[in-house]
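Under the working numbering, the first residue of the sequence shown carries the number 1, and numbering increases by one thereafter.
Derived from the structure by calculation, the hints contain no laboratory data. For each residue, glycine too, the CB sits at the ideal point set by N, CA and C. Among the hints, a few may not be true.
Estimated spans, in silico, between C-beta atoms of each pair [claimed, not checked]: (1) Glu110 - Asp145: 18 to 26 Å; (2) Arg115 - Glu10: 33 to 41 Å; (3) Gly111 - Glu84: 32 to 40 Å.
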Amino acid sequence: MITDPGALLESGAIRFERLLPGPIERVWAYLVDPDKRATWFCGGTEPSRAGETLTFFFDHKAMSGEPYPERFANMEDGVSIDAEVTAFEPPRLLAWEWEGERTRVELAEEGDKVRLVLTEGPLAAREKKIGNAAGWQAHLGVLEDRLAGRPLRGFWSVHAEAEEYYGERG
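Build the full structure now, drawing on both the sequences and the hints.
Encoded structure:
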């Protein structure tokens with residue numbers, strides 16, 4: 001059951017908010033350190049400034065023991081994507097653009113917690129919006145589990161449930 005859904009915005013963008021265990025420097029490290037980032041999203045290179053190329057390497061086996069769904073079998077050996085860092089303001093803002101998609105992650109302290117706001121888009125195609133929303137739903141769930149020290153939820157099972165959820169709303 002999707003209990004903390006992202007918003008599918010009229011602009012075609014998707015937006016997620018999460019309140020995560022702090023401090024902010026720890027959450028920031030999970031955004032920029034490739035080894036930490038690989039445990040919930042993707043590895044690759046470490047960003048250090050706006051304007052540089054940031055390589056993302058997706059290997060979902062690193063975050064989930066679940067088998068790949070058949071339609072994602074082509075990703076099983078990993079997928080590399082280059083992005084351009086469009087904003088880099090440690091430890092509060094990281095933004096990038098790849099393949100025409102703009103992603104912005106903002107962090108703000110709230111007591112001993114950190115509010116993460118992720119916005120991506122606009123995404124023109126309905127299928128792209130649903131697929132990306134499902135992906136972020138699953139990735140952010142794994143990040144929450146990592147930061148809270150909980151057992152990890154299944155990435156692909158959350159992804160499938162989220163695709164159905166967003167498909168009914170998108």
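Verification of the supplied hints:
1. Glu110 - Asp145: 18 to 26 Å: 20 Å, holds
2. Arg115 - Glu10: 33 to 41 Å: This hint is violated: roughly 23 Å between Cβ atoms.
3. Gly111 - Glu84: 32 to 40 Å: 34 Å, holds
Going down the numbered hints, you'll see the structure goes against just number 2.
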